[in-house]
Amino acid sequence: MNASTSRIARTLLLAALASAVAVGCSKKVKETPPTDTGSTGTTTTTPIDDGSATRPGAYGPGDLDTDACLRNKVVYFDLDQDALKPEFQAAMACHAKYLRDRPSARLRLEGSADERGSREYNLGLGERRGNAVSSALQANGGSGSQITVISYGEERPVCNESGEGCWSQNRRVELVYSAK
Amino acid sequence: MARVRRTPRFALILCSLLPLGAFAQSRPLEIDIVGGNAAALPIAVVPFGGDAGQTDIDDIIRADLARSGQFRTIGEAGLPERPTSGAEVAYPTWRMLKQDFLLVGRSLPEGSGYRVEYELFDVAKQERMLGFALTAPAGAMRDVAHQISDAVYEKILGVPGAFWTRIAYVTASGLGRQSRYALMVADADGYGPRTVVNSTEPLMSPSWSPDGRRLAYVSFEGGNSGVYIQDIASGSREKVASFRGINGAPSFSPDGNRLALTLSKGGNPDIYVMDLGSKHLTQVTNHFGIDTEPSWSPDGASLYFTSDRGGRPQIYQVPAAGGSATRISFEGSYNASPSVSFDGKKIATAQGAGNTYRIALFDRGIGGGRWSMLSPGSLDESPSFAPNGAMVLYAAREGRRGVLYAVSADARVRQRLVLSEADVREPAWSPYRKK
Chain A
933 MNASTSRIAR TLLLAALASA VAVGCSKKVK ETPPTDTGST GTTTTTPIDD
983 GSATRPGAYG PGDLDTDACL RNKVVYFDLD QDALKPEFQA AMACHAKYLR
1033 DRPSARLRLE GSADERGSRE YNLGLGERRG NAVSSALQAN GGSGSQITVI
1083 SYGEERPVCN ESGEGCWSQN RRVELVYSAK
Chain B
-10 MARVRRTPRF ALILCSLLPL GAFAQSRPLE IDIVGGNAAA LPIAVVPFGG
40 DAGQTDIDDI IRADLARSGQ FRTIGEAGLP ERPTSGAEVA YPTWRMLKQD
90 FLLVGRSLPE GSGYRVEYEL FDVAKQERML GFALTAPAGA MRDVAHQISD
140 AVYEKILGVP GAFWTRIAYV TASGLGRQSR YALMVADADG YGPRTVVNST
190 EPLMSPSWSP DGRRLAYVSF EGGNSGVYIQ DIASGSREKV ASFRGINGAP
240 SFSPDGNRLA LTLSKGGNPD IYVMDLGSKH LTQVTNHFGI DTEPSWSPDG
290 ASLYFTSDRG GRPQIYQVPA AGGSATRISF EGSYNASPSV SFDGKKIATA
340 QGAGNTYRIA LFDRGIGGGR WSMLSPGSLD ESPSFAPNGA MVLYAAREGR
390 RGVLYAVSAD ARVRQRLVLS EADVREPAWS PYRKK
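Protein chains in written order, with my numbering: chain A, 933 to 1112; chain B, -10 to 424.
Only chain B is shown next, with the shape it has when bound in the complex (with noise of 0.2 angstroms):
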């Protein structure tokens, strides 16, 4: 049998993923793939032999593989052999299939869980590239699945990948007095969504906090706009902002000390700067115009937002500490919503040209900067970056309800989450997950 790299550790913390089980559990996002790559690489994953419950861990990693759009899957029913381990590899086989990479596997009851191995070949060069086991409890085979892909994807493609995160949004039903609205967060594929917040007045913006473990977003609940602040996990939250007038557009800072806001308690809207140590506040701009949606840039030092001093909306970076405003955007009569790549090289924003509205991203790493379209418009609103910035997460409208959709960074897979019944909106796609 292959070589197994034993790594105990993954054991210790997923067992600290199991609270959030205690959260109500409703129906998962339905996904479907709009589009396709041909240029993605085909890689056979291989039914993984043995028992690991009622998870089916190769279908999972399947499933994420494709909606990246860098790889092409073949169905379980395409496969001549079904190796589940090194030594049963033949590697003509998979060459005479035009497969790239083959990924192989097996689980083994082991104490309350199962112990994942897995194991990557190259087919050109008949050589393996990855053997791991993860050990973690039954309950949370799902995030073991999303790991292999995570190692899997970066050991191919030099990037880590995205798989093993979280999305939080917003979800509303009704009109008027029957309207309720709930602040939920899933699984990056759209499984297990959990109710963070329920309320019958507006919530918004939701914004994860560095470590993955908060979220700071807005809630009507005291009759104005209030900014608060709720550990995940435990549901305990604190209210950071209720001045006069609006409290709005919350954005952590990359260290998870400060927070971008939107107060509008100085008569309009202006960006403002929160230590959350002491709740002190800077104003960071100063303009009768309207100034919101702050996102920090990946260093701290600056703040990206949306501004209409210029007549309509457009987006500006501005020193952190304060200072003058630059304008970035000048393509398209609207820009707003600006979500910023990991590496700062990448601006996604909501653009708008007469009634139609779409996610454009705006590449600065190209000569003065490149823009390109995501997205086909017409409603489309809220872009925000997965931690690896390979794809954009937004919302979209589809008849009266707003749905989700990921689309990769180069436009060429979409992929839509529906929520059943209910209006989705204003996803925000969490850091990677602690390990």
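The following block holds chain A by itself, in its conformation from the complex (with noise of 0.2 angstroms):
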């Protein structure tokens, strides 16, 4: 089995994964206060949107700034891998169900590699970031069509040191809400 077969079967090993944390995960959410109740008699100022935010349990544009699961907008990655580690799961059921409760919304997902190696290569390493976070997304409920996966290779560093500690901070897909 080569290398590549073997990343197919660990993507998919963790998107069956990531589904059953989407669970646990969704249950969760369920419990959490939509952001508005809190204002007691100003439902009026509630935002005009497509209506599915004012269902209980249901994520609002609000919430990707508030809440602690949903503020989780980057996914970091090890040297020369696409494989979503464990810790991602739960960051990508509550961005998965937030595509699910909000069909306008459209995601951008931004893969980036470190400085090491061609940059033209790192870009097919973004990308392969980026569709990793996209199928483990999918795996969750997401849909495609609300996602673009785009590779800026090494080109969008957050940091220009030599050293694991800053190419750590950089081998990353950002998730971009592009319509919310």
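If you are wondering where the hints come from, they were derived from the structure by calculation, not from laboratory data. Where is the CB? At the ideal position from N, CA and C, for every residue including glycine. Errors might be hidden in some of the hints.
Straight-line Cα separation of at most 35 angstroms, DSBU-like style, residue types lysine-lysine; simulated pairs [what the hints assert, rightly or not]:
(1) 1005(A) x 228(B)
(2) 423(B) x 114(B)
(3) 254(B) x 1112(A)
If we take Cβ atoms under 7 angstroms as the criterion, some of the chain A residues that face chain B in the derived model are [claimed, not checked]:
(4) 998
(5) 1055
(6) 1059
(7) 1082
(8) 1087
(9) 1092
(10) 1094
Grab the two chains, each in its own frame, and use the hints to assemble them into the complex.
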């Protein structure tokens, strides 16, 4: 079995794992009160959208900045790897739920690599990581039509020191909502 | 006075270079020479007589010849005599100084420019090897100097010089929202950098058209990677690829009619060839691994590229019309970014082992092929051959910034080109300029 086949197998395994985690996570999410319930008597200020946000337990745009799970918008990877680490499964589940709750939302997955190795190859690596996050979101029930994967390779670093401390920050996928 | 052959055609050609001056000028690259070559040929370049305006022609020629690693020059202070024409040359003087070759010259105002005459002598044989004159506008005197360097290099070594060429490269500064990127073009000695494109989004992978007039490159200005082709002199450009996914790694075919590139519209990065007339795409590779960085063989029949189909990135070769790919690199755990010499015999790669990436040279002309190391590392990348195959330009990391180096293909002489402040990367050496 070559490396690529094992990578696919690993991705599938993790996606299955992610689905399992998703069930647990979405249950927890339902217990979170909607953000605007705290402001009593001002329900008329609720933003007009597709209406899904008003369903109990459904995410609304404000949750992207306030919800403890949805605030995780960066997924980090190991060197030369595109496999999702278990610690990011919860974030996959809640962002997938957000996409389900808000069909009008659009998500850009911006994949990146550290500076080592060829720039064009790293574009490919960044795309693989973006695709891995996309697969995990879809395994959790997010729709592929809401997701776009963009790779920046090593062209958009968040730091530029040569060392693992910085490299680990650059091996990432950023979740950017182009429509909330 | 020595007989000098007139070559008025230079005047016309150099005039056409003038529009380049319209580009914004920024600070030139600094150049340091690292290392030396004991076997370099001694040549005395005597200060040229007469007047060539602001340009020190002999100084540029001395720097060119020294940078090549093939020649050793003596400074002006060490010159006992300063002949400016053949009639004034006393061979014993130069024999005593152990000089193999002697270059003298003079310039004279002519029209709106200058006429530069030069003569090259073989000291041991007491013979004149070259005698020419070039006429050009005052603003093109650096071009004249590089052309003289090219002629001297070719006459002595039998290989065309690549001094009168240019380099393209990308600069970057800032992080995050403060990031600024520029695609630049400068003379091969780093002089006269000009901005071709500025952007707040990443720019990547410049590739020269074979006529040296256009650059293909990758720009993220549309929110995703796209491949553009731009005319350097006029600035007019065309977006040739903006498919879903990666649009990267453009490379002009040797005839200039096709563009090899990487597209991931099929789900993962594969190599395609675009007919630039019809924009018709031919898919060359179809593999679930990452296939990228196509580079043409000089005959245009095949493409070298980087692929991790075997696990880690290595160099493969495939017919340009498609077909089965053959692995070329078997040394080093990581090989990427192939650059092929004009004769197809040498391939430079960025070779990785652990955290060290160095520029490696694979010479296919020796036995079953032999590898040698051209650079010390540790994060060297993006090799690009000079059009004569004698030098390789590459990018290296120094602290938080990138700098460019040019190294002779025998690895004996390296020169460092530093652009102040910004991070300099992805050098691409131009083809020969058209006379």
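Return the status of the interface hint for residue 1059(A): holds when the least beta-carbon distance to chain B is below 7 angstroms, violated otherwise.
holds, 6 angstroms
At a threshold of 7 angstroms, is the proposed contact between residue 1055(A) and chain B supported by beta-carbon distances? holds, 5 angstroms
**Message:** Quick check on the hint: residue 1087(A) CB to chain B CB, less than 7 angstroms?
**Reply:** The hint holds - residue 1087(A) has a Cβ within 7 angstroms of chain B, the shortest such distance being about 4 angstroms.
Quiz item: residue 1005(A) and residue 228(B): Cα distance at most 35 angstroms?
Solution: Holds, at about 32 angstroms.
Compare the distance between the alpha carbons of residue 254(B) and residue 1112(A) with 35 angstroms, and conclude whether the hinted pair is satisfied.
holds, 26 angstroms
Please check whether residue 998(A) passes as an interface residue: C-beta within 7 angstroms of a C-beta belonging to chain B.
Where the cut-off is 7 angstroms and the nearest Cβ of chain B is about 23 angstroms from residue 998(A), the hint is violated.
- Query: Quick one, is the residue 1092(A) hint okay against chain B at 7 angstroms, beta carbons?
  - Reply: Holds - the Cβ of residue 1092(A) comes within 7 angstroms of chain B, reaching about 5 angstroms at its closest.
- Message: Please check whether residue 1082(A) passes as an interface residue: C-beta within 7 angstroms of a C-beta belonging to chain B.
- Response: Constraint on residue 1082(A) satisfied, holds at 5 angstroms.
Is the interface hint satisfied for residue 1094(A)? The criterion is a beta-carbon contact with chain B at less than 7 angstroms.
holds, 6 angstroms
Can the restraint linking residue 423(B) and residue 114(B) be considered satisfied, given a maximum Cα separation of 35 angstroms? holds, 33 angstroms
Hint 4 from the earlier list is the only one contradicted by this structure; the remaining hints agree with it.
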